[in-house]
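If you're matching them up, the sequences are chains D, G, W and P in order.
Note that our numbering numbers the first sequence so that position 270 is 256, with each residue one more than the last.
Note that our numbering numbers the second sequence so that position 21 is 7, with each residue one more than the last.
Note that our numbering numbers the third sequence so that position 151 is 137, with each residue one more than the last.
Note that our numbering numbers the fourth sequence so that position 292 is 278, with each residue one more than the last.
It should be emphasised that the hints constitute simulated quantities derived from the structure, not laboratory data.
Hints may be right or wrong, so weigh each one.
Any copy will do: because identical chains look the same in the list, a pair fits if it lies in one copy or spans two.
What the hints assert, rightly or not - No farther apart than 35 Å at their CA atoms in a straight line, the calculated lysine-lysine pairs in the DSBU-like style are these:
no.	residue 1	residue 2
1	Lys333	Lys266
2	Lys45	Lys333
3	Lys202	Lys49
4	Lys77	Lys327
5	Lys49	Lys327
6	Lys266	Lys49
7	Lys327	Lys45
8	Lys333	Lys49
9	Lys45	Lys266
10	Lys202	Lys266
11	Lys202	Lys333
12	Lys45	Lys77
13	Lys77	Lys333
Single-letter residue listing:
Number of protein chains: 4
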Amino acid sequence: MNPLTSTNRLFAPLLTDDLVAERFSTSRTIADFNAFEAALLDAQAETGHISETNAAACKEAVKQFTPDIDAIADCLISDGLPVPEYVRQLKAVIGAPHASAFHRDVTSQDIIDSSFAMACRDINHELTRRLEAIIASLDLLSERFGANPLTGRTRMQAALPMTVAQRIAPWRASMAQALSDLAGLRPQIEVLQLGGPVGLYHEVPQSNDHAQSMAKSLDLSIGEGQWHTQRSNVAKYANWLSQVTGGLGKVGLDIGLMAQQGINAVTLADGGSSSAMPHKRNPVLAEVLVALANHNAGQLGLVHQALVHEQERSGMAWTLEWMTVPGMMSSTARALSLGQKLVSGIKDIGDPHQ
Amino acid sequence: MNPLTSTNRLFAPLLTDDLVAERFSTSRTIADFNAFEAALLDAQAETGHISETNAAACKEAVKQFTPDIDAIADCLISDGLPVPEYVRQLKAVIGAPHASAFHRDVTSQDIIDSSFAMACRDINHELTRRLEAIIASLDLLSERFGANPLTGRTRMQAALPMTVAQRIAPWRASMAQALSDLAGLRPQIEVLQLGGPVGLYHEVPQSNDHAQSMAKSLDLSIGEGQWHTQRSNVAKYANWLSQVTGGLGKVGLDIGLMAQQGINAVTLADGGSSSAMPHKRNPVLAEVLVALANHNAGQLGLVHQALVHEQERSGMAWTLEWMTVPGMMSSTARALSLGQKLVSGIKDIGDPHQ
Amino acid sequence: MNPLTSTNRLFAPLLTDDLVAERFSTSRTIADFNAFEAALLDAQAETGHISETNAAACKEAVKQFTPDIDAIADCLISDGLPVPEYVRQLKAVIGAPHASAFHRDVTSQDIIDSSFAMACRDINHELTRRLEAIIASLDLLSERFGANPLTGRTRMQAALPMTVAQRIAPWRASMAQALSDLAGLRPQIEVLQLGGPVGLYHEVPQSNDHAQSMAKSLDLSIGEGQWHTQRSNVAKYANWLSQVTGGLGKVGLDIGLMAQQGINAVTLADGGSSSAMPHKRNPVLAEVLVALANHNAGQLGLVHQALVHEQERSGMAWTLEWMTVPGMMSSTARALSLGQKLVSGIKDIGDPHQ
Amino acid sequence: MNPLTSTNRLFAPLLTDDLVAERFSTSRTIADFNAFEAALLDAQAETGHISETNAAACKEAVKQFTPDIDAIADCLISDGLPVPEYVRQLKAVIGAPHASAFHRDVTSQDIIDSSFAMACRDINHELTRRLEAIIASLDLLSERFGANPLTGRTRMQAALPMTVAQRIAPWRASMAQALSDLAGLRPQIEVLQLGGPVGLYHEVPQSNDHAQSMAKSLDLSIGEGQWHTQRSNVAKYANWLSQVTGGLGKVGLDIGLMAQQGINAVTLADGGSSSAMPHKRNPVLAEVLVALANHNAGQLGLVHQALVHEQERSGMAWTLEWMTVPGMMSSTARALSLGQKLVSGIKDIGDPHQ
């Protein structure tokens, strides 16, 4: 919703993560929707909840489906979400009598939340990789420069002599903690949503088999029933995202402070140039890490506002989640890649020596 | 930075304002940059700060300039902002000896902040129009249905009988207040930035004439000197943006509550459809107004975090502004158009009657 | 609600403003309540809305009233606010037949919001004084040390030589702006609330005379009718409070950065001691200013969440205001006094010099 | 820092948790400080890091120590925290030559963070109990009224018939999830801090034995080294606190909506009274739950801002934690007790029925 940092090419490329953007693109989301419906058809056909014939006809349609995206976009203002028109279009393609077996007993939230979970699945895979990469870079940095002296500073004041390795250790610890935390969180957020109109899909016969089958086919886990209104998993995941940017924000702030003339405790590969002062080398990446951390911290507060999710589905709270969580994922992914670039580009670090 | 609500066409069209998006597009921002530089050249030539010959050569280049946007995007990660590469490209086009007169004594923040002010100028014009439109719609609504009875409710409980006009009055009051507040705010936010590298442009001879000339040509006002690090005008404007969405959020929440079966105090033109329950008419616009209000409230907190803007320019704080303020403008503009649509689409309002 | 920073004497005295705390004390609030009721009785008696006899009996009771605070506290959990029990106690004291004239046609929100406005009135008086004091201190600082050289820094990097006066100028500008803004805001926030149960007090005969009389007697202004649910004045005031702490947070961060060994651009009167490192002089006040700024910025986001104030009175939104705004007032007041102490305690400032 | 909701007895008793307030009282914190120092003396004496004689003299002094709280409060403004003066006073009591063994190799943050962990330990014990109690109450409610019909509502609209049990299930699920999450979190937050001046206590000989001994004696766990600047455990805990209030906020909002006349789906034991409308029964507790949820969500954003914790100790970030986390604990504890009262006071629930 922020055009400057999303689509304006004079600003967005600094702050936006291409991989996350691609994963939340229109075409990928449509592919997720299709995958959800195909898995549902299979699962419901397996248990006889819908007929094999109907399922086959529906699946064929889904496989070849190219939605009219403009028509979906046009319906958003009345429907509030893309699923009703997506389903209408697909049902029209399928036609009677098979169409009645399509999207049976499920609701828009099932497909949207599940597609969100699928995006998380892929993005978490990449976040894991990036965390491992930055940890490796920090280890390398510590190996190369760890023995250099560095003045420990508390409350911004010189405190006691220490080494570069000792400054790096908490940087690494927060990334290692995040890596370990993510492993535990993934099954809680990469989780199938299957609740039906008011969260009672579990009353559909053999619903558990449906969930098992779908989760397997979509590579998602199964939670304890649906999570239509109980969004603690989303909140926990958002907390994790902000924890990562917070940790990287600390790295950025530390490096920014070390780069000050007068302190001179780090030499960066490439500082930014200035339109007015060509002699300056600005620690741009360090600063952006702090800004991304601040940003995610603020969004996290909003994700938690969305926990107050009334009744069986809140358009207010759910829409607020959309406005916050994917952006946090983008910021976290971007912070990791920028952090990696910053750390691996350090030419020297430690109090002025030699 | 949120791909789902910015560019994914299955979600973004609900929440994004096209006019604001267009105003913050790459090409419009480049046009703003060019306008700033042209106005600066004129102003500096008028006082003899640069030669007429140089100014003419520079202006000719600016007029015909088509930047290499990809090259600018590539430099963002090192420069942190688009101006240095934009200036490099233009200077290369201008060539020696004239290029030395280009971008003289100014800094990236002058051009970026001024172009932000120009975007505000145009968007505020439209926001004014939309506020007037929604006030007119509320007046019309009150004219048509104002005499209908409505149970006044406090703390969600039926309190005393009142009329629809009395419920509408505070809705209108918040919009009227916003309209009046905006008029007072515009000169504070649509303001030229002209500070130079560390905010000392006022020491340039005849700098005041430069500012006068530029402000006139760019249709901006002049503040009390530069506002590089003193961002209370940005904070105040963000506060206003969130005040508007807050007021519209109240309208949305009230209407959502009135639309509940059992209360039945409003009939909407078009409620959204449901993929599972075709009989439902969801008050989608009402809910989106609440979500936009929640969202802007959270961003406002971040704009204020960015007030702690260290030294003569903070990459951290300034970048955080970019991540928040244009998105708030989009949300406010969108809330006004959705609010207008919601209000003007009310078919009936008041306690069940006839 | 935060015991550590409110009442624990090992932490609270650093962060809490005694004057604001006293102004929001139980006894002062009771005095405000009594003042409101007395003014209401006068106003309603003047127009004959209640009889002189009844008014006199009621006023006599109010004048001598010592409420049973424990009983009020006990009723909070069922009533959600102190007024119903306060009124019950006073009516019991007044007794029949006069009691029926007491608290006539008004509601809890009238008395609570008006008493909040009265506290604002007194606190704003003091905030004005403190702003003037810190501006004077900044002027003095600039007079004494303004000519000292100082390296201008942008993006945390040395940029260009400037002077101490040029660093101080934006500090002063934000305080001067705040002072000027407050003058304009005071009539918007120090405003009588007189709305009645569902905001329709204006339908009471001669209600305008009542408001005029009460406003005069309570030294409050009159807005355009009641502001039960239209809280843009509260939001604007909260924005102002956070603008002040944001401006002081910048001062704090700048001074904290200047105090770093290696930069050595400021000598503070008294830095804090360390339990482990007696040689350190921590720039405690500078850091606290940043923390207070961060804190207020977050609370402001919540005040704006409370703009979504449903129907004729929202217990949810209003309670959220109580949890945020007085704390912001305390933080702003405290930041001003700590900022004053910090600034006036500067022994030297500028790049290292003889 | 918010006098209205912390100490004003006309408001605070509604929103403040007495148990949390008491646990963060001055005397309890002093007791925590003393416990920390005693445990440190034992641990360091056990390994011979300090002499038995010195340790015994110090412990005797600690045991009988009554600090001069006023003197500590007076030092806050210069020291920024209570520990330096606390240590000075104790060292003065101990006297030479033993005093040199006191507070050996540790820093203020060790004692303050550890005392925070001790408070968490006790408060988490109580939060566990309250979570169990509210789960039991929800189970009882479901037992008694679960079979009652209730209209499932999505996007505030009547969707499909369901039962009261089905509405209650997600309420219970969020509490059960919180209970289970807390068990996993306790060892991460109830954790000894032992880092020394710049986080290098692990270089003290036999430091591991010291930590083991202290953790055992203080009933805390041991993390992976110190957590002076790596505050993900605090952030995670704050996330959990807000998750609980978010879950209870949903319960509150649902009940508030059910209590509307026209919906009439719940009968509460005691709704609040109104000063103007004695016939009203306001769902005060339901509303307060929403306000507490909103409040904690906002504070969480600030706790995450404090993750950007520069160098070896940030007075800014750490102070911000103090201003937020204990208040969140109070709000969570209070929400649990109010939620319990609300749920257990439900007299009937379900769509209107005989």
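Results for each hint:
1. In the homo-oligomer, the alpha carbons of lysine 333 and lysine 266 lie at most 35 Å apart both inside one protomer (17 Å) and across protomers (31 Å), since each shortest distance falls under that limit.
2. When the C-alpha separation of lysine 45 and lysine 333 is checked against a cutoff of 35 Å, the pair qualifies neither within a copy, at 56 Å, nor between copies, at 41 Å.
3. For the identical chains of this complex, lysine 202 and lysine 49 are intra-copy neighbours only, at 19 Å inside a copy versus 60 Å across copies, given an alpha-carbon limit of 35 Å.
4. Taking the shortest alpha-carbon separations for lysine 77 and lysine 327, only the inter-copy value of 29 Å comes in at or below 35 Å, while the best intra-copy value is 48 Å.
5. Proximity of lysine 49 to lysine 327 under the C-alpha cut-off of 35 Å is found in neither arrangement, the shortest distances being 41 Å within a copy and 37 Å between copies.
6. Proximity of lysine 266 and lysine 49 under a CA criterion of 35 Å is satisfied inter-copy only: 30 Å between copies versus 56 Å inside one chain copy.
7. Taking CA atoms no more than 35 Å apart as the test, lysine 327 paired with lysine 45 passes in neither setting, with 45 Å inside one copy and 38 Å between copies.
8. In this assembly of identical chains, lysine 333 and lysine 49 lie within 35 Å of each other by CA distance neither inside one copy nor across copies; the values are 52 Å within and 42 Å between.
9. With identical chains, the CA atoms of lysine 45 and lysine 266 are at most 35 Å apart between copies only, with a shortest distance of 28 Å across copies and 60 Å within one.
10. Proximity of lysine 202 to lysine 266 under the C-alpha cut-off of 35 Å is restricted to the inter-copy arrangement: shortest distance 33 Å between copies versus 55 Å within a copy.
11. Taking the shortest alpha-carbon separations for lysine 202 and lysine 333, neither the intra-copy value of 47 Å nor the inter-copy value of 44 Å comes in at or below 35 Å.
12. Proximity of lysine 45 to lysine 77 under the C-alpha cut-off of 35 Å is restricted to the intra-copy arrangement: shortest distance 11 Å within a copy versus 59 Å between copies.
13. Taking the shortest alpha-carbon separations for lysine 77 and lysine 333, only the inter-copy value of 31 Å comes in at or below 35 Å, while the best intra-copy value is 60 Å.
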